[in-house]
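Protein chains: 2
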Amino acid sequence: MSVKTNEFAALKNVKVNDGFWSKYESIAKDVIIPYQWDALNDNVPDTEPSHAIKNFRIAAGELEGEFGGFLFQDSDVAKWIEAVAYRLVIAPDEELEKRVDEVIDLIGRAQREDGYLDTYYLLKEKGKEFTNFLDCHEMYVAGHMAEGAVAYYEATGKRKLLDIICRFIDLIMEKVGNEEGKLRGYPGHPELELALVRVYKATGEKKYLDFCEYLVNERGKEPNFFQQELEARDFRNAWGGKDKKADTRYCQAHKPIREQKEAVGHSVRAGYLYTGAAHLAAESDDRGLFEACEVLWDNATKKQMYVTGGFGSTVYGEAFTFDYQLPNDLSYTETCAAISFAFFAQKMLMCDVDSKYSDVLERILYNGSISGMALDGKHFFYTNPLEVWDEQNKKAPAYRHNKVKRPGWFGCACCPPNLARMITSLGNYIYSSDENTVYTHLYIGSDAKVQVGENTVIIKQKSLMPWEGKSEFTLSGGEYTFAVRVPGWADKFTLKLNGEEVKAEIKKGYAYITRSWTDGDVLSAEMPLEVKLIEANPQVRADAGKAAICRGPVVYCLESKDNGDRLSSIRIAEDARFRCEKDEELFPGSISIFAKALKKKAWDTGDLYRAFTASYEEIEIKAIPYAFWGNRDDNREMAVWVRV
Amino acid sequence: MSVKTNEFAALKNVKVNDGFWSKYESIAKDVIIPYQWDALNDNVPDTEPSHAIKNFRIAAGELEGEFGGFLFQDSDVAKWIEAVAYRLVIAPDEELEKRVDEVIDLIGRAQREDGYLDTYYLLKEKGKEFTNFLDCHEMYVAGHMAEGAVAYYEATGKRKLLDIICRFIDLIMEKVGNEEGKLRGYPGHPELELALVRVYKATGEKKYLDFCEYLVNERGKEPNFFQQELEARDFRNAWGGKDKKADTRYCQAHKPIREQKEAVGHSVRAGYLYTGAAHLAAESDDRGLFEACEVLWDNATKKQMYVTGGFGSTVYGEAFTFDYQLPNDLSYTETCAAISFAFFAQKMLMCDVDSKYSDVLERILYNGSISGMALDGKHFFYTNPLEVWDEQNKKAPAYRHNKVKRPGWFGCACCPPNLARMITSLGNYIYSSDENTVYTHLYIGSDAKVQVGENTVIIKQKSLMPWEGKSEFTLSGGEYTFAVRVPGWADKFTLKLNGEEVKAEIKKGYAYITRSWTDGDVLSAEMPLEVKLIEANPQVRADAGKAAICRGPVVYCLESKDNGDRLSSIRIAEDARFRCEKDEELFPGSISIFAKALKKKAWDTGDLYRAFTASYEEIEIKAIPYAFWGNRDDNREMAVWVRV
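Respectively, the protein sequence lines represent chains L and X.
So the first sequence is residues 835 to 1478, counted in the numbering used here.
So the second sequence is residues 835 to 1478, counted in the numbering used here.
Isolated chain L (complex conformation) (with noise of 0.2 Å):
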């Protein structure tokens, strides 16, 4: 058997039509989108700028000036231009779409003759081309340009950008590669990998397959290029010091990646490194590549990752640190962290149809991810810690990577545009496909057409999720298997086939129903969201004693705003009852649960240590969407984690 089983349906065949991602994605599509058009171009008040679009015209002679921003910070028009690209799908603009291309002919004309294309480099180190592949991005930037061109294509049918991007891989495959008289290097930050698949795909040429090749298995041989580089450069780094050692583990170079078994280091090059390998050995059909990517997916997602789906226990690096080391209020757990990781997911599902990959992937979706951002679309959180006190953020250097609200716009705006990007290109998360079966990964309201085989099956999902465990499938007829997820959280699932319950094979996580099918069957899937405490593995100290409020895929919090300060003081009962209620406030449909629970008093003496007293008061607390957390003000704490 092949390692790639299934197809992800195209973004163009499938529209997101949900109660809860509608939304949005029309924060993506009417806020983020123009927001980041605007501070790419320096144009929001109070905030950095960004330098990204004057860096282009300085380069393309058109202005003058020096490079600002980070080394990286091409990259964040290519997201612009991916997520753009994705949205032009779902809605097309004819304005918008002319826009991208005066950008991309800007771009066209930044590049050098020779094909090079990065500005940091055309720029401010001139010269200095492919001697930092460790520190600097330019494979990076190579990269999400790559997607952002690969996507515009894909939505638009034009190949500028793709052509523009080619010859600037091509000039790096011209150096870098393990023939006689090339750098036998790597990209310090993986991206290159993940994006060299999807440019073999769109362009059919093998080469670039072959590069991606050459990148994932020359990665971590020894001798190391990364400490090679290092001493060829006479030991100095990009920041004007020099490093004795290259920190090969924090780039996931320490060791080829087939012999790597724990996820190490900084998180979103981990998630990125890793999605480029299992999209690889689907493409290149090598199983002990995706073997590979299973064991780190399983020390990952089984012993690194926040109950959020969050990455990186770690401001020092922005990494990973150990197993079951995941401590709630210095946790780093970047936004992009827990995007990659939806990226990573959704690979390994082209491989394996297991509901291990699509849980996860439920789980970044609705809880990790989207708590990056605000409610308004115009705020957005860099890191996501599963508990935070705002004085010891502000106080206690330790924390002071975390936030008890969102800021605009930031100087290292890696993690709004990919967001946007993500939201955009939900559609393309929801179905894949073989010769004979439909797979629905996730429940999300949506039309689709859906490839199985000969047959086109038309797929129209009414979904009432997160809020309600329904989803209802219209579907075409034919003779197909239609496989849906049984959700790791539900603990009853049920399949009704035109209203009368079917049974459904099971495997992996998966319930498979092959019939023939009538135009107009409507299956739907029911599985009831209970409330229920969530504990964590014993080996995870940092959640002794303390429970995680769950209800279906969402992941719950408490915020000082609603349950007075000191939540650590507050006790919910093991066997505690809940109540449900909707609750808009924060999100149209959204429901919030509440619960007796105990809470320490205070003491009325300046004591710190006495004796212990049980001194409680009952009250009754209240906890929201994980998600929404953050967006009021005058919240001082928030907790994921409750003491039972």
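Relax, there's no trap hidden among the hints.
Treat identical chains as interchangeable: a pair holds within one or across any two.
Straight-line C-alpha distance at most 30 Å; calculated DSBU-like pairs for lysine-lysine:
#1 Lys1337 with Lys1326
#2 Lys1055 with Lys1228
#3 Lys1076 with Lys962
#4 Lys1433 with Lys1366
#5 Lys1342 with Lys1136
It is worth saying that the hints were derived from the structure and are not from the lab.
With chain L's structure known, arrange chain X on it following the hints.
Leaving out everything else, chain X in the frame of chain L:
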């Protein structure tokens, strides 16, 4: 009424003879002091060389070479001399005294003609003296040398070192002060202040007290001296970089001490500054300054002190953070910080006999200070966390300052000699007196002569503390008041005179008995030691739902060595019954505490999260005194706070 109300009995008049402390005294005497001598002379294998003695030899022109060690390396020699001085009072030793005399001669030869004496500047930064009080430690070094000089003078009557250091201080006073033409500076690291009061007391020369007064009062005035000094250095710091702004909060110079309401910044600097200020307040009869010290004492001990008597919640700047922020596994709680607050307590007691000072003093002595030392006297903790998970210390960078086993001597060797001098001078903390009263602040077995007006009261204290709550005082005759502390931890406190219960007047935590004493009268103080679960103020988020097991002044902890890994999985009942057992594995006379508890069972699946289930096993936990933790191999976890 004067600010100073009583005076501590001099060390030479108090001989410690105690089941607990005499053991520490012999470790200090027989192990630390000789070991430290080897360290100062770079004779400890497998340890970074100290360079401390060598620096003086080079400065004296008797050796070729360069300055080595930290810029405050001289202070290690000073602290060794101070510890040896106390040790010579306890047990004279001609050979050792001769060695100190030789070192003092060497220091004399290293001193510059004008009196200058700091080998860092003499050797490494010639000509830059007095240009960087913020980062560099010349006044700090002078302070330690002065403390050593006074101690050695008091121990031996020899004043050579005192003369040497007075010449240096005189030079400093020529350059620094608020007279026209002088630098209006003060030390970045306080220490000279407290030393100056001691020099004043030893020499009787008021100019030293006046200079102390200047240093304390000038500190933090606007315009800020450190900022001006930084600008005058073109913003260069001592480490080759530049700083835009002087971190005045870090060194308690953000405002005048009389306006400071919270303990902030580097905890050891804070403790030394407050000690100097409190002693100054006492000797200069400055009530306003005493009251400022009381505000800082109350803030530090009632809002920012760990239950172990540790201070400093963050590794960033080894510093205080803010009220009630007391993370247990990230704590810094430097050994020196605990010791500095023992100094501070003693000075406050001279002005106000209140058990709020002596209770903390006792807490520090039995817990957060001596925890810094292994029971072999050769291994030391710099930081004293209240919770450790070995793997976390090693693999999660935020925790790497904490260790599960004490290393040997270290480069920045401030803590070991600080412990040595504290332990060898313990006799100085037990008794104080005024015209009418003897105050007993600590229950430590000792033979003392205390001056009460005209009467020299002879006291023989026999104590079973901290293992049994009983001390017996055999007293000499005369008309005087004998006061003993009623510990805050004691629920019952009984005084018996020659076997008969007596009533005492209780004031501010001290029991006063005024009578005409007959030679040989025996007063016994009985205060049953009960195991107690202590809880923290609910404002302390880190300790919510947890309790510390304490018995009298001793704070206990669990080690995984005794209780298995995952200490966080252990929960004791709020009304648990405790069993105490003599357990001399670690320390003679020590008592371990046992109790039934529940421990969450390990999961038999590889899940990370699942629905909450109550699955506990009953275990018997064993708790040992916190001070003795980390003395055994194969111990991976320790916790003071246990879930209840």
